[in-house]
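2 protein chains.
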Amino acid sequence: MKFFSFWRSQASFRVRIALNLKNLPTEVIFVDLDADAQHADEFRRINPQMALPALVEDDGTVLFQSLAIIEYLEEKYPDSPLLPADIKGRARVRGLALIVACEGHPLLVPRVRRYLDRELNLRDEQQTAWRRHWVIETLTALEGHLADNKDTGRFCHGDAPTLADICMVGHAAVAGMLEMDLKRWPTVKRIYETAMALPAFASAHPLVQPDTPEAMRVRPPG
Amino acid sequence: MKFFSFWRSQASFRVRIALNLKNLPTEVIFVDLDADAQHADEFRRINPQMALPALVEDDGTVLFQSLAIIEYLEEKYPDSPLLPADIKGRARVRGLALIVACEGHPLLVPRVRRYLDRELNLRDEQQTAWRRHWVIETLTALEGHLADNKDTGRFCHGDAPTLADICMVGHAAVAGMLEMDLKRWPTVKRIYETAMALPAFASAHPLVQPDTPEAMRVRPPG
Chain Z
1 MKFFSFWRSQ ASFRVRIALN LKNLPTEVIF VDLDADAQHA DEFRRINPQM
51 ALPALVEDDG TVLFQSLAII EYLEEKYPDS PLLPADIKGR ARVRGLALIV
101 ACEGHPLLVP RVRRYLDREL NLRDEQQTAW RRHWVIETLT ALEGHLADNK
151 DTGRFCHGDA PTLADICMVG HAAVAGMLEM DLKRWPTVKR IYETAMALPA
201 FASAHPLVQP DTPEAMRVRP PG
Chain A
1 MKFFSFWRSQ ASFRVRIALN LKNLPTEVIF VDLDADAQHA DEFRRINPQM
51 ALPALVEDDG TVLFQSLAII EYLEEKYPDS PLLPADIKGR ARVRGLALIV
101 ACEGHPLLVP RVRRYLDREL NLRDEQQTAW RRHWVIETLT ALEGHLADNK
151 DTGRFCHGDA PTLADICMVG HAAVAGMLEM DLKRWPTVKR IYETAMALPA
201 FASAHPLVQP DTPEAMRVRP PG
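Going line by line, the protein sequences match chains Z and A.
When we follow my numbering, the leftmost residue of the first sequence carries the number 1, and every step to the right adds one.
When we follow my numbering, the leftmost residue of the second sequence carries the number 1, and every step to the right adds one.
It should be emphasised that the hints constitute simulated quantities derived from the structure, not laboratory data.
One or more of the hints may lead you astray.
Straight-line alpha carbon distances no greater than 27 Å define the calculated DSSO-like cross-link-like pairs of lysine-lysine that follow [stated by the list, open to error]:
| # | chain 1 | residue 1 | chain 2 | residue 2 |
| --- | --- | --- | --- | --- |
| 1 | Z | K189 | Z | K150 |
| 2 | A | K76 | Z | K76 |
| 3 | Z | K2 | A | K76 |
| 4 | Z | K88 | A | K22 |
| 5 | Z | K150 | A | K2 |
| 6 | Z | K2 | A | K150 |
| 7 | Z | K88 | A | K76 |
| 8 | Z | K76 | A | K2 |
| 9 | Z | K22 | A | K88 |
| 10 | Z | K88 | A | K88 |
| 11 | Z | K189 | Z | K22 |
| 12 | Z | K76 | A | K88 |
| 13 | Z | K150 | A | K150 |
Which chain A residues face chain Z? A few, computed with CB under 10 Å, are given here [stated by the list, open to error]:
| # | residue |
| --- | --- |
| 14 | V93 |
| 15 | E119 |
| 16 | R123 |
| 17 | A129 |
Stretch by stretch, here's where chain Z covers chain A in the computed footprint (C-beta under 8 Å, at least three residues) [to be verified]:
| # | stretch |
| --- | --- |
| 18 | 20 to 26 |
| 19 | 63 to 77 |
| 20 | 110 to 116 |
Predicted, not measured: the structure shown is a model, and the values here were computed from it.
Note that the Cβ used here is the ideal one computed from N, Cα and C, for glycine as well.
Input sequences plus hints: build the corresponding full structure.
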């Protein structure tokens, strides 16, 4: 499998974690979104959708959209499951994941930032206010679901990481980059720290990737 | 099952179609988002998440997020499947659905419109430009995936409706409400018309619901 990734992409971060948790090796191809490399002919020949992340199977099948890729990996490689076995649990995990993927994250992506910049002339302060607003909304919604819920365990659902944790850590990492303190969402903070203590999560973090710019790079935790 | 719905909500529209296709009766409870009814104590007692759509099982389990609800219905009631049987097909259908649910739709929801209005002072013309921009981006992405793809049939994937069609029609309906002509996306247009000719889709349309305001109401097609 070929995995097309970009260090900063929150959706690439999700797939990296899933690949790590399932211990699946891939050939990683770095696509520099900051240099518009997703529009280059070379990438377009491989993935006409010109979007990240993408997973290309050995037979040429192109898989797109991070959650669809992860559900595919879950169906193909059921070991180290990322969804619980019972259907109500699965619904809860998917619902938590979708709060991030369908509500929070879409408002933070580069093409939205570009629209705010070019069409609406929002400058840095307003852009930051926009991002902080939606991170707050999302983490507050997650905290509401997680706190005092009998199904919440060491992780979002029970004591093993699931798709919900995979989505949540990406958003919590953005909060960190915006210098927001997670302590106002104590359950989110606890689970984020629990997850990031696992190598599968820590080594997938945007700031420790081979294509992370030197100036942004941090030492891997631990 | 109790289903909490609002006529205009694109996510409620999706769940209505899925319930129709699977022929599942529910008690429908209308929650008037325009009157902020989702924040009323009465609704909060039933669904503390105060978000639509929600499906409440007879044992009190609250299901949230439209795609998680539909995946749950798919697992519990596998007849009239909304996902294909093969895992690559399932990944494609989920990927198409997520283009709408994770990229297009989140930029059109009331809370975003409210932010654009109150925080950024965007007036009608700019608000409409914003909505049209994201509808164009989304339908163009879908058309790129659907046109000239061997897996596209009468519907987005093969000859029976799936989760991809359920998500696509909601977005195509928004284009209609914005008086945008679908003919620039010929495959989307063809599939939209094929889907809306089915009673399961037509009777779920926002403009023909029991809670649709009289002034907005249209005669059901056909």
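Against the structure, the hints come out as follows:
Annotation: proposed proximity of Z/K189 to Z/K150 holds, straight-line Cα distance about 18 Å (limit 27 Å). At most 27 Å may separate the alpha-carbon atoms for a hinted pair to count; A/K76 and Z/K76 meet this at roughly 21 Å. Between the alpha carbons of Z/K2 and A/K76 the distance comes to roughly 34 Å, so the proposed pair goes past 27 Å and is violated. Simply put, Z/K88 and A/K22 have alpha-carbon atoms about 18 Å apart, close enough for the 27 Å limit, and the pair holds.
Taking the CA atoms of Z/K150 and A/K2, the gap is about 22 Å. The hint holds against a cut of 27 Å. A distance of roughly 22 Å separates the Cα atoms of Z/K2 and A/K150; the hinted pair therefore holds under the 27 Å criterion. The straight-line distance between the Cα atoms of Z/K88 and A/K76 is roughly 10 Å, inside the 27 Å bound, and the hint therefore holds. With a C-alpha separation of about 34 Å, the suggested pairing of Z/K76 with A/K2 is violated against the 27 Å cut-off.
About 18 Å separates the Cα atoms of Z/K22 and A/K88, which keeps this hinted pair within 27 Å; it holds. Under the criterion of a C-alpha separation no larger than 27 Å, the hint pairing Z/K88 with A/K88 is consistent with the structure, at around 25 Å. Annotation: proposed proximity of Z/K189 to Z/K22 holds, straight-line Cα distance about 24 Å (limit 27 Å). Between Z/K76 and A/K88 the CA atoms are separated by roughly 10 Å; this keeps the pair inside 27 Å, and the hint holds.
As the CA atoms of Z/K150 and A/K150 are separated by approximately 46 Å, the hinted pair breaks the 27 Å bound. With a least beta-carbon distance of about 8 Å to chain Z, the hint placing A/V93 at the interface is held under the 10 Å criterion. Annotation: interface hint on A/E119 holds; nearest CB of chain Z at approximately 8 Å, less than 10 Å. Look at A/R123: its Cβ only gets to about 12 Å from chain Z, farther than 10 Å, so that hint breaks.
Hint status for A/A129: holds, given a least beta-carbon distance of 8 Å to chain Z, under 10 Å. Figure legend: the stretch 20 to 26 of chain A, annotated as covered by chain Z; annotation inconsistent (0 residues with Cβ-Cβ distances under 8 Å, at least 3 required). Counting residues of the stretch 63 to 77 of chain A whose beta carbon lies closer than 8 Å to any beta carbon of chain Z gives 10, which reaches the threshold of three, so the coverage claim holds. As drawn, the stretch 110 to 116 of chain A meets chain Z at 3 residues by the rule of a beta-carbon pair under 8 Å; at three or more, the given contact holds.
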